[in-house]
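Asker: Each chain, letter by letter, is given below.
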Amino acid sequence: MKVSTEHKAENKICDSLDVLNCVNGIGKDTKSIQGAKVKNAYGPHIRIILSSALLQMKQSFGRSMFKFCMLAYPLFYGFTLYMLYKEHSSTDIMAYVMLGSAVSSLWGTISFSSAGDINRERFMGALEVIFNAPSKFYYVMLGKVLGNTVLGIGSMVISILFISLLSGSAFQVIHVGPFIGVTLLGVVSFVAVGMMLSGLLAISRSTTILMNIMDYPIMILCGIAFPIHILPIWTLPFSYMLSPTHFLALARMCVGGIYSKDAFYHHLIWLMGLTILYVLLSLFAYRMIDINARKDATLGVV
Amino acid sequence: MNDVIVVEDLRRDYISTVGILKKSKKRVEALKGLSFSVKSGEVFGLLGPNGAGKTTTIKILTTLLIPTSGNAMVLGHKTFGEERLLRPKINFIFGGERSLYWRLSALDNLKYFSDLYQIEPKVQRERIPMLLKMVGLEERQHHKVETFSKGMKQRLQIARGLINDPEILFLDEPTIGLDPSGAIELRNIVKKLSNEGKTILLTTHYMQEADEMCDRIGIIAKGQLVGLGTPKALKASCGKDTLEEVYLDLVGAQYES
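Chains H and D, in that order, give the protein sequences.
Sequence positions in the first sequence follow the working numbering and run 1 to 302.
Sequence positions in the second sequence follow the working numbering and run 1 to 257.
Hints may be right or wrong, so weigh each one.
No farther apart than 16 Å at their CA atoms in a straight line, the calculated lysine to aspartate or glutamate pairs in the EDC-like style are these [stated by the list, open to error]:
(1) D/Lys26 to H/Asp296
(2) H/Lys58 to D/Asp108
(3) D/Lys39 to D/Glu167
(4) D/Lys25 to H/Asp296
(5) H/Lys58 to D/Glu167
Read the hints as simulated data drawn from the structure, not as lab findings.
These numbers were taken from a predicted model, which means no experiment stands behind them.
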């Protein structure tokens, strides 16, 4: 019996001997391609980013929890906010219910999901494989965060459409151009936060605890559902250090009207400055990963 | 044959925190001055009990861990400091069912890992079907990995490990948990790869497997090398008939000391 099993397996493998020969033959092509790669240095990086983004979207859609967060959560959150604001003016509904739930969905999907993804990769055992590949780890993770960004924008649109239907008022923007610009800047800022958190998570597993503790306080500090000036004065410095605070302030101005250019530029400069800071911190975190994660053995699970 | 892996006085410590309220740091010496070398085209087996330092050694050699001290060179490159040059030339497969994206198909997994290894689309189009055929997953290439049996996942891992046509393949307990026919299939793939000139460093707990597949074997216990040589030479030097007896003899002596 044992002999027959071995024989069967041997035959199966013998069939693939030709395949192996071909595989080795192709290996020679690879070497010439590696030489050609120098001519188009950015091509592979773009391919890695796109490929990682696509993989991330497929993976995320395969997870029931993500589907809930992307599709159902905005509806529940939007409905709750609408119940709080339903007696208010349509401007308040747009500023706090539509924008609040839209930004909350976008923030959750891009920043927090992206950071959590590194933990999922770690438990799947894929983190070590992607880290060990010749591609830059930063580009791989950037692709994953961008994949979440596409889904996050979808979630944001669902929020706005749902509340528009619920409240019977359309989402109207007075300053369309600045709104598009501010939204793009906000997305870039959220991507940078996602990269920064995922980088810290790769270095230290304890970041997960910090991230989960901070999720709701951040929502409150950013003034997603109400203006930040109703919060105690000592919380303002914390609010100011979070880019969603400024993104929301700018988006609300674009929606309701820019009555003070000074206030608009004030928040715009803060948003741009914080985005640059987050990008720099994320680059620093990924630079640290190369040494620290390999020193402290945080890429895998024991 | 030249040495493609050279390990000299390799040491690796892990520092872990113990205690909840009163925390203290604990240092564990996983490798205590390990030295060995592997020749080009050789199948080299690392044997040892759990916690002996086999996986740590493989992780250092595959650039996933930094050694505390000592020297680890693979294909003439330092595993710490020259990893950019080394990574395109090697690959590894850790035992078990991990290191794959279960919610994606076998094909999607291989395409993604080819992109990570910056393999040109033209080469991918030829290589991926060949690898799928080699590991017998051609028919199931569009199925999600989560629907695969353990053996199928292991074979897909082999295909993933060969995606960059590596010069050296590191296998950490590749047949763990496989049924006998699955293990035979996997061992045959490894043998064929060896016949094609690939250098293979593997760890295993199965002595028969090591005896059958490895040209040379290194036995480690408590982070130190306690035996090195061909299976035949090891048996002769210990005066034993089987590799299992050699293993028990050498490892047992180390633990008694």
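Asker: All hints, please: hold or fail.
Answerer: Status of each hint after checking the structure:
1. D/Lys26 to H/Asp296: Holds, because 13 Å separates the two Cα atoms, which is no more than 16 Å.
2. H/Lys58 to D/Asp108: Given pair H/Lys58, D/Asp108 holds - Cα atoms ~10 Å apart, limit 16 Å.
3. D/Lys39 to D/Glu167: Holds: D/Lys39 and D/Glu167 sit about 12 Å apart, inside 16 Å.
4. D/Lys25 to H/Asp296: holds (13 Å)
5. H/Lys58 to D/Glu167: violated (32 Å)
The structure fails hint 5 only (numbered hints given earlier).
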